[in-house]
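Given the coordinates of chain A, work out where chain B should sit on it, guided by the hints.
There are 2 protein chains.
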Amino acid sequence: MTDFAATRRAFHLPQGIAYLDGNSLGPMPVAARDRVARMMAEEWSEMLIGGWNKAGWYVQPRTVGDRIARLIGAGPEQVVMGDTLSIKVFQAVSAALRLRPGRRVILSDSGNFPSDLYVADGLARAVGAELRVVAPDDVASAITDNLAVLMLTEVDYRTGRRHDMAALTARAHEVGALTVWDLAHSAGALDVDLLGADADFAVGCTYKYLNGGPGAPAFIWIHPRHADAAQPILQGWMGHDAPFAFDLDYRPAAGIERMRVGTPPVIALAALDAALDVWDGVSLSDLRARSVQLTEAFIAGTGAACPDVALNSPRDPALRGSQVSLRHPQAYAVMQALIAAGVIGDFRAPDVLRFGFAPLFNDLDDVERAVETLARVLRDGSWNDEAFHRMSAVT
Amino acid sequence: MTDFAATRRAFHLPQGIAYLDGNSLGPMPVAARDRVARMMAEEWSEMLIGGWNKAGWYVQPRTVGDRIARLIGAGPEQVVMGDTLSIKVFQAVSAALRLRPGRRVILSDSGNFPSDLYVADGLARAVGAELRVVAPDDVASAITDNLAVLMLTEVDYRTGRRHDMAALTARAHEVGALTVWDLAHSAGALDVDLLGADADFAVGCTYKYLNGGPGAPAFIWIHPRHADAAQPILQGWMGHDAPFAFDLDYRPAAGIERMRVGTPPVIALAALDAALDVWDGVSLSDLRARSVQLTEAFIAGTGAACPDVALNSPRDPALRGSQVSLRHPQAYAVMQALIAAGVIGDFRAPDVLRFGFAPLFNDLDDVERAVETLARVLRDGSWNDEAFHRMSAVT
Chain A
1 MTDFAATRRA
11 FHLPQGIAYL
21 DGNSLGPMPV
31 AARDRVARMM
41 AEEWSEMLIG
51 GWNKAGWYVQ
61 PRTVGDRIAR
71 LIGAGPEQVV
81 MGDTLSIKVF
91 QAVSAALRLR
101 PGRRVILSDS
111 GNFPSDLYVA
121 DGLARAVGAE
131 LRVVAPDDVA
141 SAITDNLAVL
151 MLTEVDYRTG
161 RRHDMAALTA
171 RAHEVGALTV
181 WDLAHSAGAL
191 DVDLLGADAD
201 FAVGCTYKYL
211 NGGPGAPAFI
221 WIHPRHADAA
231 QPILQGWMGH
241 DAPFAFDLDY
251 RPAAGIERMR
261 VGTPPVIALA
271 ALDAALDVWD
281 GVSLSDLRAR
291 SVQLTEAFIA
301 GTGAACPDVA
311 LNSPRDPALR
321 GSQVSLRHPQ
331 AYAVMQALIA
341 AGVIGDFRAP
351 DVLRFGFAPL
361 FNDLDDVERA
371 VETLARVLRD
381 GSWNDEAFHR
391 MSAVT
Chain B
1 MTDFAATRRA
11 FHLPQGIAYL
21 DGNSLGPMPV
31 AARDRVARMM
41 AEEWSEMLIG
51 GWNKAGWYVQ
61 PRTVGDRIAR
71 LIGAGPEQVV
81 MGDTLSIKVF
91 QAVSAALRLR
101 PGRRVILSDS
111 GNFPSDLYVA
121 DGLARAVGAE
131 LRVVAPDDVA
141 SAITDNLAVL
151 MLTEVDYRTG
161 RRHDMAALTA
171 RAHEVGALTV
181 WDLAHSAGAL
191 DVDLLGADAD
201 FAVGCTYKYL
211 NGGPGAPAFI
221 WIHPRHADAA
231 QPILQGWMGH
241 DAPFAFDLDY
251 RPAAGIERMR
261 VGTPPVIALA
271 ALDAALDVWD
281 GVSLSDLRAR
291 SVQLTEAFIA
301 GTGAACPDVA
311 LNSPRDPALR
321 GSQVSLRHPQ
331 AYAVMQALIA
341 AGVIGDFRAP
351 DVLRFGFAPL
361 FNDLDDVERA
371 VETLARVLRD
381 GSWNDEAFHR
391 MSAVT
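Here the protein sequences line up with chains A and B, keeping their order.
Oh and the first sequence: position 118 is 118 in the UniProt record's numbering, straight run, nothing missing.
Oh and the second sequence: position 103 is 103 in the UniProt record's numbering, straight run, nothing missing.
In isolation and in its complexed conformation, chain A is listed as follows (with noise of 0.2 Å):
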């Protein structure tokens, strides 16, 4: 059995506080401060240009790339580092369609965190292909013979909805489409499994449920079956199959290699390895287990002491993601009174409170203070106070 009391105390976790918004930022493992101490005093510092040897900073983003692999179920020197989620999905989608010429329809839904719908439509506009689309439940009707691509980010970042991969992939699959997967809210949230549900592409950022830091760099995963085919639009120097060699001509890396662009992000890789450090032993099905725990919890808590709020995920856990949206209409003023008194959620416009619940450092007294918090906020009505209505950027 994973120790989930053991990966709690892997975390700096401020005094007094429930944070489920480990799905906006995941918090800071004791172990990445000490580790980007340790890479600033002795690596950078002391073996400067030679660290990328030294230190393995230049295969770091295969290495993490590894580790992150067993997480999202697959295989070895299938996964590398960099850039950010948005340059990924570029890739992804923009290799996916050289794979299908001739095709020229990249199909997704209004679930879709909206930054990958607006690459897939820069994408598009650039390259003379079309983004369609639809509303989460008409996907796979929508999944016709002239699709070129199916991008789906798996868990909606606002309702928790979780996709069925493995269904949606294989109706994609029977039109001569490819798969494009976002796990941004799936990767060490989820049991994912990548080749058990035969997908082709897929991307994700670490700074979620992976802990890996603010901006922390994301990943890519292509299909063993596609890696040598896959034709990247991004040529950078990085993914050039001898970038040491400074041709003039660009050749691409073998396999998945040839999605690294520029230079890797060497800190952020040792915060986000150091990160990693953490779900050694963790095993993907306690972590599905203790993720629907705290989830059916929460819902069934909410639904008994908050009459006020709807629920806004899917109420069966096989459909729901690891977090719960609940509806209000005075949503925001809510969030705020709730972070006010140290129950830190988020805000989603126009009415969504959004928490999310991961495994690694929640437990079941979190859920209890979130539900109490919530409870009391809605009745003595302290969201209302004006203090609480100050917008801020980023919530």
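Hints were generated in silico from the structure; no laboratory data involved.
Don't be surprised by glycine CBs; every beta carbon is placed ideally from N, CA and C.
Any given hint could be a false lead.
[As the list claims (entries may be wrong)] Derived contacts from chain B toward chain A, CB cut-off under 8 Å, selection only:
| no. | residue |
| --- | --- |
| 1 | P27 |
| 2 | L85 |
| 3 | L311 |
Coordinates of chain B only, in the frame set by chain A:
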């Protein structure tokens, strides 16, 4: 007068070496180590998601960009940070191309850094443009009427040859083309004057002469006359006019902010921001004068003491950046012997010894030591020792 003894003291420089590789990776400013430690211990750990506002993470790509603007002759609110240099090249060239509809030729030279050529080639293939690559001396004559974009790196990464930014920009404008300047070996090394040269786009990295750390984020500048017209291909949410409205459609932010893509690399930006503290009070004309002093002294010294090497950089400092390259048939082995003797430069295939002179921390003692060591190594043939013939992936 700029106090270069004080700026040198701001760096951690390992004992016993002369570091002439700041044009590959700048050394660690002591303040960067301290700032990153504080960012981890006080911001991420304690503020959690609140750091986006409270610690200014969200605006940092622009506030740090404003600090770099002064070093490249740009104005405030014209520079934004993020991603890597290769991604910024893609953004700049693609945006410039779109500002010249009906034209399709991108012109560059074989002295450009290969990644820039790879990126432009990848873009050109995707959007139906054409990349033309000529010899550095042939650039001016290759600027012809059909040109859309002139994409050049100001200072050649191997030879240190400096293009005349103002003259080539004027020539490009005569035929109605736009310019994209890569300042990788210019920013922090030269008295760059983008507005004075009337350039259109510029990009650069910050891990060389700006000392931001391995994989530090890149920057992009757009002349204000183009900033609101430039249409990004990489449409990321952080470049949206209202990122937190979560609209389904992309609408670019005003000005340079539209060149943001994904979540900014907060830890890396903390290191870079602290590294820029060293630049407070540094005058760019003093910087240039010191750079010329150091490179001239090295050229004179090696010219007198090292008859077996040939100067591979322009003799006229006006045509040169802040590095000096020498050629030797056994350059790789010679560089290994130099490094073993504590003089850190680097090797570039096939026969180039490259020495960067960073005015902020290099001094005439470094020059003297490098000259004496190189003379000794060449004289006693220690470079020929079998032990130095190990190839390394990154040199």
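- [ ] Just pull the numbers of the violated hints for me, sorted ascending.
- [x] Per hint list: single violation, 3.
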